[in-house]
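Number of protein chains: 2
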Amino acid sequence: MPESAREEMAVLLGVDHVLTAPEDRLGRASGLSYLDLLRRRGQGDFPVPDAVVLPADPEQVQGVLEICARYDVGVVPFGGGTSVVGGVSALRGSKDAVVTLDLARLDRLVSVDPVSRIAVLQAGVRGPDAERLLGAYGFTLGHVPQSFERATIGGFAATRSAGQASAGYGRFEDMVSGVRLATPRGEWRLGVAPASAAGPDLRQLAVGSEGALGVITEVAVRVRPVPLVRHYTGYVLDGWERGSAAVRTLAQHRVPADVIRLSDVDETEVSLSLNAGWKTSALRRYLDTRGVLEPCLLIVGFEGQSTREVSARRRETGRLLKKAGALRLGRTLGESWRRGRFSGPRQRDALLDNGVCVETLETAAHWSKLSQLRDEVRDALTKSLGSPIVMCHVSHAYEMGASLYFTVLTARDSDDPIGQWERAKRAACEAIDGLGTISHHHAVGVDHASYLEAEIGTLGIDVLRAAKAAVDPTGILNPGKLLT
Amino acid sequence: MPESAREEMAVLLGVDHVLTAPEDRLGRASGLSYLDLLRRRGQGDFPVPDAVVLPADPEQVQGVLEICARYDVGVVPFGGGTSVVGGVSALRGSKDAVVTLDLARLDRLVSVDPVSRIAVLQAGVRGPDAERLLGAYGFTLGHVPQSFERATIGGFAATRSAGQASAGYGRFEDMVSGVRLATPRGEWRLGVAPASAAGPDLRQLAVGSEGALGVITEVAVRVRPVPLVRHYTGYVLDGWERGSAAVRTLAQHRVPADVIRLSDVDETEVSLSLNAGWKTSALRRYLDTRGVLEPCLLIVGFEGQSTREVSARRRETGRLLKKAGALRLGRTLGESWRRGRFSGPRQRDALLDNGVCVETLETAAHWSKLSQLRDEVRDALTKSLGSPIVMCHVSHAYEMGASLYFTVLTARDSDDPIGQWERAKRAACEAIDGLGTISHHHAVGVDHASYLEAEIGTLGIDVLRAAKAAVDPTGILNPGKLLT
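First to last, the protein sequences are chains A and B. With the working numbering applied, the first sequence corresponds to residues 1 to 484, in that order. With the working numbering applied, the second sequence corresponds to residues 1 to 484, in that order.
Extracted from the complex, chain A is given alone in its bound form:
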């Protein structure tokens, strides 16, 4: 990186906010995929940025881009660093130098419009801080992906994140009312109304742009009153087909739950047996007496303003589930899931220590293709990995279809651990092609970039490239992500 570029950054941001020490650069060099973690444990190399810059506000972000454009330095926007698809890797593409632009200092709640239920949050605000800041006004975002504890508002928007309560609160893009982006060609603001027919919805181009079309600096989000009543319940259904049909029934009805999550029999067995507090054997005996051979655990969660309102939705949901053959297991199981719902990544670290290859992947498809998609991805992973444990759950359900979230565990190939997973991932992606989307909520990043053309067409890629050239003519923004 040219010394004069570093100096200009230091003048703009203050010398304390341009970091070049190895530990600072290493700390923001990659995300949290299994391969990222393996590489951090010494398996293979990974690129490291030449510097980390920490602007204080949208204007300074804009200033950083101007300096980078002048010196032709690549810029990797960095929020919580929780990407599992290589979205924050410090690739430099055709550039000689690359900086990681850490948005941590953009941590403010800018404004709240309680009448319109819109809040403007800066991009670097993390999930829990967003809830704390909004909570002071009686509001919540209700966006709780598994990465909630670390991930940021800007990251949610840049990746089209989906939270565990998406059935009730929607995906993150449904919450986005407006966006403010810094681009090499200047600031770009979008979103003046709750809905519009003023041409294509360019907010939906900014949302999901993964740092390649601009650095999101502020997001105007829809907020809702903090729920006063929460009720999470566990149900069980016998077999995947019956379970997914029950979830479809819920998703296609008008009285929705806020959380709908169905585990297949493999995930159910593992999660029940892992859950130490649970009298697994008593539950198992109960299921046996009821003749449930392939238990699939269903978590249904409700959040609302009053017991009356929540109860009405619970009753309606219970009625539909009973008709669909579900057995109610009760609240303890539901609340247990709710308490543990952000713990997946921590469990993964422990497994990694013990020589396990452990990774997740996800997709989504229309209902009529969902079981075929699950079968084909499972088959592909099994063929590639030998005899892995493959668990699957429906994490998000819509009227027209649902997502599938797979967790894969197998003994790590100590000779070629990277290649082992790369081959399995490729097999899974090829199984998805033609049946579902290459990513339902993890985004494209580096890992899915070569599969994007199959999904959006050559013209789709050309349109994205053209849009990028319009806002980022020299291609400094997040090289190698989204578009290869």
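Hints are supplied without guarantee of correctness; some may be wrong.
Output of the computed footprint for chain A on chain B, the stretches with three or more beta carbons under 8 Å from beta carbons of chain A [as the list claims (entries may be wrong)]:
no.	stretch
1	107 to 118
2	156 to 164
3	381 to 391
4	399 to 411
5	470 to 484
Keep in mind that the hints were calculated from the coordinates and are not lab data. All of these numbers come straight from a predicted model, not from anything done at the bench. In this text, a Cβ means the ideal position worked out from N, Cα and C, and glycines have one as well.
Knowing the structure of chain A, use the given hints to seat chain B on it.
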């Protein structure tokens, strides 16, 4: 238009499907705005296409574009011809010739996936035909804009249409699962899953593209079971502020109505007094006894599968409305509105015959700006037109805001009727700028094109231009629409 181009079209489509007779070309030369109708009545000129072509299927549409690209002929896609913003005007831009591409023969239901509740309809299917075709499978689209009787599936998608039941069924873009477009660079298909994080949502670029980024030939839409129970009720609230607050309460709650429509006091007075079947004076006496000084009529409609389910939503809505100060007027008024809801355009023809200047315009804003927006648009129209009747209603309500739909009536300036409305429209658009969107559901077309940059920024315009250049390098698609 080059004779050889016409001949190639005739070979491709059959000689009967390339129309050059004056009446055929005139019949598809413009839409249904007040100025369109004035021009058709001899006030001023309007452009006429050199030919009208009627392809039979998506492949023939693609073929027409290839011929037009080779001969550098402009192409105006034409569905129901109900644009009120000049969207189907036969402008030729920089081209020597222009054809209108009438999609009337693309009138098929291509497929139904009852499990995923997705149907693929060709672009030329009109509203009532869509309902008939889907009804045979027990499904409905539920999309009922005022143009329903003539407008087409392709037009709904191209313009981001919003139907009168949008509170329950969503805007048209919410129903779009996938699109198939013909472009000069080949076919483009989008939409493989109910939701995706595979980069920006390019479907939301196709939806609202107004024929400028491709000719939509097929749309995969979300369908729902035909409602078995319908219940429309009239309420009244005293004054605009109380009325819009009540609508906001409904929109921000979880138990929605399917139709929510609030008239301001001016619209309420006119619509009650126009409605001959209504014992207006009895109603007026009732309102007087209840002390309602500024009656604002609220229509609330419910559609569902069972009386039980609809009643539950009605009860909840009734409870909220009572709390908001609404007086229930009963079902007759609601049903009367439902029966007459497509008649606006026909009433307009009669008014035009009687020397009236009559036009509508619409916008949307966040709740906190809605009343200011209504005031400023009314003031602008009144200042420009002298003493018009300006009526307004909230036609679509969302959590974060609502649309405003204005109807303007005034004596036509017989010397300069075109200029009279052009000035009023400009004043209204300038009042909207900065407060709301230039169009909530009428689209951009020609009439709003010069206001788009204020809404989406110079970068937004550049991105759209770049996207257009990627799919339509020589700019043959709908010249002069969306982008100036």
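Evaluation of the provided hints:
Check result for the stretch 107 to 118 of chain B against chain A: holds, 5 residues qualifying (beta carbon to beta carbon below 8 Å, three or more required). Remark: the stretch 156 to 164 of chain B is confirmed as covered by chain A, as 4 of its residues place a Cβ nearer than 8 Å to a Cβ of that chain, reaching the required three. Evaluation of the coverage hint for the stretch 381 to 391 of chain B: breached, as 0 residues show C-beta separations to chain A shorter than 8 Å, against a requirement of three. Coverage of a stretch by a chain is defined here by at least three residues with a beta carbon nearer than 8 Å to that chain's beta carbons; for the stretch 399 to 411 of chain B and chain A the count is 5, and the condition holds.
Counting residues of the stretch 470 to 484 of chain B whose CB lies closer than 8 Å to any CB of chain A gives 3, so the stated coverage by that chain holds, three being the minimum.
Consistency note: the structure conflicts with earlier hint 3 alone.
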